[in-house]
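*Asks:* Chains as they are written, first to last, in the numbering used here: chain S, 1 to 284; chain X, 1 to 339; chain R, 1 to 487.
It cannot be assumed that every hint is accurate.
To be verified - Subject to a maximum C-alpha distance of 27 Å in a straight line, what follows is the list of computed DSS-like cross-link-like pairs (lysine-lysine):
{"#": "1", "chain 1": "R", "residue 1": "Lys217", "chain 2": "R", "residue 2": "Lys199"}
{"#": "2", "chain 1": "X", "residue 1": "Lys211", "chain 2": "R", "residue 2": "Lys360"}
{"#": "3", "chain 1": "R", "residue 1": "Lys199", "chain 2": "X", "residue 2": "Lys211"}
Simulated from the structure, these hints should not be mistaken for lab results.
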Amino acid sequence: MITGILTSALLLWTPLAIAAMGGLLHRVGGVVNIGLEGQMLVGALIGALVSGATGNWALGVLAAGAAGGVVGLLMSLCVTRLGANEIIAGLGFTIVLSGLIGYLLRSVFDVSGTLRVTGLDPLPRVLGLDPLFLLAVVLVPVIAWSLRNTAAGLRLRATGDGFDAATALGIPANGIRDIAGTIAGMLAGIAGSHLVLGQVGLFNEDMVAGRGFIALAAFYFGRARPLPTALACLLFAVFDATQARLQTSGVPAQLIQTLPYLVVIAVLTATAVRDARGKSRRAG
Amino acid sequence: MSVFQGSNPGKYSRALTRVVRAAVPFVIALGLGGIVLLATGHNPLAFYQLLVREAFGGVDRIAATLSAATPLLFTGLATAIAFRAGVFNVGVEGGFVFGGLIAATVALQAGLLAGMVAGALAGVLVSALPGWLKARWNVDEVVTTLMVNFVVAGVTGWLVTTFLQAKGVANSATALIPQGSWLPDLLPPYGLTAGVLVALALVVLYAVWIKHSVLGYELRQTGLNPRFSAAQGIRVGRVIMVSMLISGAIAGLGGAVHALGVVHRFVDGFSPGYGFTGIAVALLGRNSAVGVALGAVLFGALASAGTTAQLFSDIPLDIVDVLSGTVMIFAVVRLWRQR
Amino acid sequence: MSVRLGARGVSRAFGAVRANQGVDVEVRAGTVHAVVGENGAGKTTLMRILYGLDQPDSGTVVIGDRPVRLRGAADGIANGIGLVPQELAMIGSLTLLENLVLGAEPRRGVRIDWARARAEAEELASDVGVELPWTAVADTVSISVRQQTEILRALRRGADVLILDEPTAALAPAQVDDLLRLLRELRDAGRTVVFISHKVDEVLAVADEITVMRGGKVITTRRADAVDRAELIELIVGEHVRTTGFVPSAVIGDEVLTVDGDVALSVRAGEIVGVAGIAGSGQDELVERVVGLRPAGGRITLSGKDITALAVDRRRAAGLGYISGERRAEGLSMDASLADNAIAGTHRAIGRRGWLAPSKVRRYAKRVLDSYSVRYGRLTAAARTLSGGNQQRVVIGRELDRAPALLVAAGPTRGVDVLGMAYIHDQLRALRDNGSGVLLVSEQLDELLELSDRIVVLHGGRVAGELPGGPESRTAVGALMLGRKAS
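Next up, chain S with everything else stripped away, as it sits in the complex:
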């Protein structure tokens, strides 16, 4: 039972971690990305379609990343160039994308909600592990190292913490945010493709089921640091794997599903209390 949970937890961890790494980069650059959910959904659909059309999982994953990246860039442009509020833009994009996808499913593909793509090429597995799992595992240290030791990482951190100061130093802060938003979208798109190609094998319009928001919860939990964020994803994946198994034994799944969200509220509160103790100015 424990190994069973662990195996399925690792499978569930992969898309969470990839999407959360994208959100983390965007967060470090100073933008809270609430659009991960919609970007994952786009990635899932495009991944399924392209994998089916080409019979090649790798092309499916790449196309999913590209589609997610385009959406991420558009969303970022709304925020950086048009002054849209990042929260509103994120929610709005998620609403538009799920509406658009539902519309296309019904009007073009003539299905209601679920799309079986013929010739879909699923991710290969070696010892039960798929390539995207490896990608997630590699991403965590690579991102941690890059943030510290590359000019891009340094500039991204500078943009996130001191937008005006960075601009004054001649750093194209808006451009950097756009790049971060694009990468976040790409990773979210790839994460979405994992749901189809690595887990379910077909596309459903509700298949992301809040994972984009769990990823958001994870990088809040990990305070935008790669390793803690990845571990938070693992914790949430274990919750998820456990509830799927406990469901049969009468433990309420709906309540276990709320755990990640409750954990985030608790973490944010603990952080805020510590900050408030640090500087003692009161709100009123």
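Given chain S, put chains X and R in place with the hints provided.
*Replies:* Only chains X and R this time, still in chain S's reference frame:
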């Protein structure tokens, strides 16, 4: 531009700018929707004409539009009050859903009025924790209220399936409320209930209260500049808390009105995102009473017309989400330089 | 010596405001050139143009005797010009070293060569004779250290002309001395320094040449040794400034404020008590404790009543007034209407049964603004639309109109021109002469000496000593500020 900006009606020219500015997101949305429709082989102009006719063409259609606007009046107003106090409450959806469940449950036993009160209280319960965390510890309310929505979704699902499930119903739903406890119809048989009157009364009350009451003054000042407010002796924490409680109460009352007037029970998918559309309504209306009313009617028209238009054409209702989501994104963008 | 950097006939207007009008300046290589003038004289606009951040409407920037067009900060940097702005461009969460190299990182392949960065940093620092904690996070170090980092950053980018915009505004006297020494050293090493200030004594201490600006125009450029202090002040202000001088209080009554705890002091009726100290010596904490914005240890009484546990509104009701040192962030709500700003803190008293009658609000606000000669158009206009001096009058009017038993005035003349300053000083004295107590916190020693009946000096969060007001106390207060015993 800040989403917390309030309205300052007065000069006609400024009112005109306001109208133009509010129209821009719709124009963009119709354009984008048009591209989608064209690409999938539909005539957008014909579809939009159909939408307008289905939204406003006749007493029955206007009644349907107002009926669809009713939940949005509540959620838009609930959002606007919090935004006005500088609190970015995106948890109105949770208050609406929980209010609906509790109202549907209480009304089964204790009737209409008790159901409404219980619904409002349930909404207060949902907003109280994030409100208190923000007021006391300055915990980022955007994330906590967003998370509370998901927690509420899980908890309501569990409550329904575990304790409140109606017998002989396939999906998860509570028992049907007896007709005696329904909100009365205003224009039978068009399904417009007295709920819209409750909503409009609240909107009018808000308009006067925010501008001319002491608490409304404190709420506006807190939203504009909390540090200034604290230094002048306004108890910022208390104002934030009050704004969140009122916001929650209105959200919960909205859920109650929806349960007791329209659905007559609580079911899965009780709210197709009324709370989130409410954010778009508040943004589009710049948190003013008139703006919220107009915004709710516009989005209500989209929803009601989209539903029936679906019957007359083979265009799926999902197109409405594309339109309203686009309006939401562009409601707050800066399309030309200001100042 | 040739001209290193200059302006010829530079004009720049922002809407109706003509920030620069036909400005001619010549900064000769290897000199410290001061540009002085009051707030709004056009100094910062000129510097932004010289650096390339802004472009003139007409006229031209001159570099090494030849006219050039600077299209952006990058052009300024390419011409060897560095700007140290008033609001330092430091990223709080990065280390000083990271801040130093940000935007021009030494690289080895894709990674930043931290060893080389560190070596460059040490070399730059020892060149100009400073020592910096390179691995410290910027938020945790003093303004003076951040400023030095910023200067080194400009040098590292190859600047041999350094423009410093009001660099001493937030520094303690001893830190000012260090900065002036650093500027002289840069000059002696052959670099050129443009020093913007409105503080006459610093300018006279460090500059070789002085350009005076007023109302967007250059009034004159003089050699520093050819002008004396009084003359320079008159050039800056444009008229002879009437100074009241030190007038001690005639009648002093009972204590209106007592504070216990780390900082213990009292203020009596009819008395102005000044609080002196270098920045960060506990002034902010004291003000926030007295006003009620910070939970207090120790006991605070107002007119004999224990207010330790009271919130801000109750303290105000008990007779407290507060002029915030941060007008734009705390003193006023810039986006709120003038009426809403004027009634803030009094709004509960104006209201009846929870409602504010519009006519009553208008009457009250109009009376306050008119009696403190605020120039405004409409009561519904946002506070942001007023000039800085007028904004401060709104604050003064709102607080003084309530005739507080105790007024806490923190930096009441910050960002106000000399004439506005005289007005505010008169108002504070008038309040005192009517029997109120004033707790005056200021970073301007002159202001404290001239206004205060007593001066309490803070050092390291504690009271270092207390001295009588008046110009004779200058040296003694200065010594206490640095933590030395007054002789």
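*Asks:* Honestly, which of those hints from before does the structure not fit?
*Replies:* Checked against the structure, the only hint that fails is number 3, while the rest are satisfied.
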